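Please arrange chain H on chain V, whose structure you already have, making use of the hints.
If you read the protein sequences in the order shown, they are chains V and H. What the first sequence shows, in our numbering, is residues 1 to 164, in sequence order. What the second sequence shows, in our numbering, is residues 1001 to 1222, in sequence order.
Since the hints were derived computationally from the structure, they do not count as laboratory data. Treat the numbers as computed from the prediction; the structure is a model and nothing was measured. For each residue, glycine too, the CB sits at the ideal point set by N, CA and C. Accuracy of the hints is not assured; some may be wrong.
Here are the simulated distance ranges between beta carbons [claimed, not checked]:
{"no.": "1", "chain 1": "H", "residue 1": "Met1213", "chain 2": "V", "residue 2": "Asp71", "range": "23 to 33 Å"}
{"no.": "2", "chain 1": "V", "residue 1": "Met13", "chain 2": "H", "residue 2": "Lys1079", "range": "52 to 62 Å"}
{"no.": "3", "chain 1": "V", "residue 1": "Lys2", "chain 2": "H", "residue 2": "Gln1177", "range": "47 to 57 Å"}
{"no.": "4", "chain 1": "H", "residue 1": "Gly1179", "chain 2": "V", "residue 2": "Ser43", "range": "13 to 23 Å"}
{"no.": "5", "chain 1": "V", "residue 1": "Asp71", "chain 2": "H", "residue 2": "Asp1151", "range": "15 to 25 Å"}
{"no.": "6", "chain 1": "H", "residue 1": "Lys1150", "chain 2": "V", "residue 2": "Asn60", "range": "21 to 31 Å"}
{"no.": "7", "chain 1": "H", "residue 1": "Lys1079", "chain 2": "V", "residue 2": "Val37", "range": "45 to 55 Å"}
{"no.": "8", "chain 1": "H", "residue 1": "Ser1185", "chain 2": "V", "residue 2": "Ser43", "range": "16 to 26 Å"}
{"no.": "9", "chain 1": "H", "residue 1": "Asp1028", "chain 2": "V", "residue 2": "Asp76", "range": "13 to 23 Å"}
{"no.": "10", "chain 1": "H", "residue 1": "Asp1072", "chain 2": "V", "residue 2": "Ala57", "range": "34 to 44 Å"}
Far from chain V, some chain H residues (derived; all Cβ distances over 12 Å) [said to hold, decoys possible]:
{"no.": "11", "residue": "Phe1023"}
{"no.": "12", "residue": "His1065"}
{"no.": "13", "residue": "Tyr1131"}
{"no.": "14", "residue": "Tyr1175"}
{"no.": "15", "residue": "Asn1199"}
{"no.": "16", "residue": "Glu1209"}
{"no.": "17", "residue": "Met1213"}
{"no.": "18", "residue": "Asp1216"}
{"no.": "19", "residue": "Gln1222"}
Stretch-level coverage of chain V by chain H, calculated; a stretch enters the list once three of its residues show a Cβ under 8 Å from a Cβ in chain H [said to hold, decoys possible]:
{"no.": "20", "segment": "43–53"}
{"no.": "21", "segment": "59–70"}
{"no.": "22", "segment": "80–94"}
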Amino acid sequence: MKKPILKTISMFMAFALLFVQTQVYAHAPLTDKFNNVPGVDDSVFQLDEASLEVAMADLNKLDSYLQQHQDATYQDVAKNNAQLVANVSPIAAPAGGDGPLGIPSFLWGCVFGVIGILLVYLMTDNDMDETKKALWGCLTGVGVALILNFVVFAGAASAASSSY
Amino acid sequence: MKKIYFFLLSIFIFQTNFAQEYFRLKADFTVKIKKADGSMNLTKGKIYYDKNYKDLIYDIKFPEHEKWIMRDTLLIKIKQGQKPQINKIPSINEFSIFHLALNVSLTNFGLDNTVYQMVKVEKKDGKIISYWKLPNNKLESMDQIIIAKKDNKLLNVIIIDNKNRIINKQFFKDYVQIGAFQFPSKVIQISYDKDNKPNYQVFEFKNIEVNDMSNDNLYHYQ
Chain V
1 MKKPILKTIS MFMAFALLFV QTQVYAHAPL TDKFNNVPGV DDSVFQLDEA SLEVAMADLN
61 KLDSYLQQHQ DATYQDVAKN NAQLVANVSP IAAPAGGDGP LGIPSFLWGC VFGVIGILLV
121 YLMTDNDMDE TKKALWGCLT GVGVALILNF VVFAGAASAA SSSY
Chain H
1001 MKKIYFFLLS IFIFQTNFAQ EYFRLKADFT VKIKKADGSM NLTKGKIYYD KNYKDLIYDI
1061 KFPEHEKWIM RDTLLIKIKQ GQKPQINKIP SINEFSIFHL ALNVSLTNFG LDNTVYQMVK
1121 VEKKDGKIIS YWKLPNNKLE SMDQIIIAKK DNKLLNVIII DNKNRIINKQ FFKDYVQIGA
1181 FQFPSKVIQI SYDKDNKPNY QVFEFKNIEV NDMSNDNLYH YQ
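So here's chain V without its partners, still in its complex pose (with noise of 0.2 Å):
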């Protein structure tokens, strides 16, 4: 009974021994690297509440207009009430605005992760060799990190089984 419960915890305390190690290297600022980061001045972290609100009086106005007739499309407003809808476009676009690589306009809105593909895209005028730069970075560190996690655990698995 020893025996398993040894080996149990010796397990277990390699585990936490590696990921402890894997994850204060993952995390560790880059200080080294990266001397004298400049901060940023606090007004970056202030919105302009009233340029947003000027900017967008006109969506909000269709708005209010739909939330007050719930089941309109953009044809019964475009028929009934066409100067809320002059330079709104009739193409959905539920997570943003024009997407890159070809995919329809999804990727802006509510994808967050992935920003150093899809940012670069947009942001680069349709670079696509600095997407694919950042599309292979991106995959390289998901790559690497499976291949750590296994190498961590199988070495750990080994350590355990040899010491008994």
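Chain H in isolation, oriented as in the chain V frame:
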């Protein structure tokens, strides 16, 4: 000895399973887009997401009734009376705001699981501000990402290019708390074009519900 061992194991399993897990989300959404060139877009409907099925489903009612299903590498668009349109996309549902929020990973914008690494952390006016960079520093257009959070809630994301120009700002506001689950009911994105003119995107979520078990088929396209 055996009894002590199994007692400790039981306590461990009990504690692990007792933690509240949020796995499903639905909400009414409105997306408003105003570009610098004056063009606009408004989309309304309902969103459904289950982090186990990983189908991100938009049930759109404006501009017209249609359904978008994002599953793995497919985007399926369904309009009444038409054949479903299928497009290939990157598998990105796990990086959506919904998946991140259900996995309590929204506070760092999901950057923990990307190749971006934190290079600096500071505290200002009660906010924790972290600076993230790509280790090889090769991406000119997204040189730095700055995250501001307070009380464990993501407040701002600022993206800066290698010329120190802000190219994108995101604001996460009006958090809704449902038990231990929190979700921003308003997300504002401002991106700047080459002439520094702003493009606005506003995402609003209402009637947010989690772990709704009444209609399983709403969360899984079959």
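For each hint, the structure was consulted:
1. Met1213(H) / Asp71(V): 23 to 33 Å: Once the Cβ atoms are compared, 28 Å apart, the range 23 to 33 Å for Asp71(V) and Met1213(H) holds.
2. Met13(V) / Lys1079(H): 52 to 62 Å: Check passed, 57 Å falls within 52 to 62 Å.
3. Lys2(V) / Gln1177(H): 47 to 57 Å: About 48 Å separates the Cβ atoms of Lys2(V) and Gln1177(H), which means 47 to 57 Å holds.
4. Gly1179(H) / Ser43(V): 13 to 23 Å: violated (35 Å)
5. Asp71(V) / Asp1151(H): 15 to 25 Å: violated (40 Å)
6. Lys1150(H) / Asn60(V): 21 to 31 Å: This hint holds: roughly 28 Å between Cβ atoms.
7. Lys1079(H) / Val37(V): 45 to 55 Å: holds (48 Å)
8. Ser1185(H) / Ser43(V): 16 to 26 Å: holds (25 Å)
9. Asp1028(H) / Asp76(V): 13 to 23 Å: For Asp1028(H) and Asp76(V) the Cβ distance comes to about 19 Å; the hint holds.
10. Asp1072(H) / Ala57(V): 34 to 44 Å: Roughly 39 Å apart at Cβ, these two residues keep to the hinted range, so it holds.
11. Phe1023: Holds: least Cβ distance 17 Å, greater than 12 Å.
12. His1065: Check fails; 7 Å does not lie beyond 12 Å.
13. Tyr1131: Given a closest Cβ separation of 5 Å, the condition is violated.
14. Tyr1175: holds (15 Å)
15. Asn1199: violated (7 Å)
16. Glu1209: About 17 Å separates Glu1209(H) from the closest Cβ of chain V, which puts it past 12 Å; holds.
17. Met1213: Per Cβ check, Met1213(H) is outside 12 Å of chain V; nearest 23 Å; holds.
18. Asp1216: Check passes; 22 Å lies beyond 12 Å.
19. Gln1222: holds (21 Å)
20. 43–53: holds (count 5)
21. 59–70: holds (count 6)
22. 80–94: holds (count 8)
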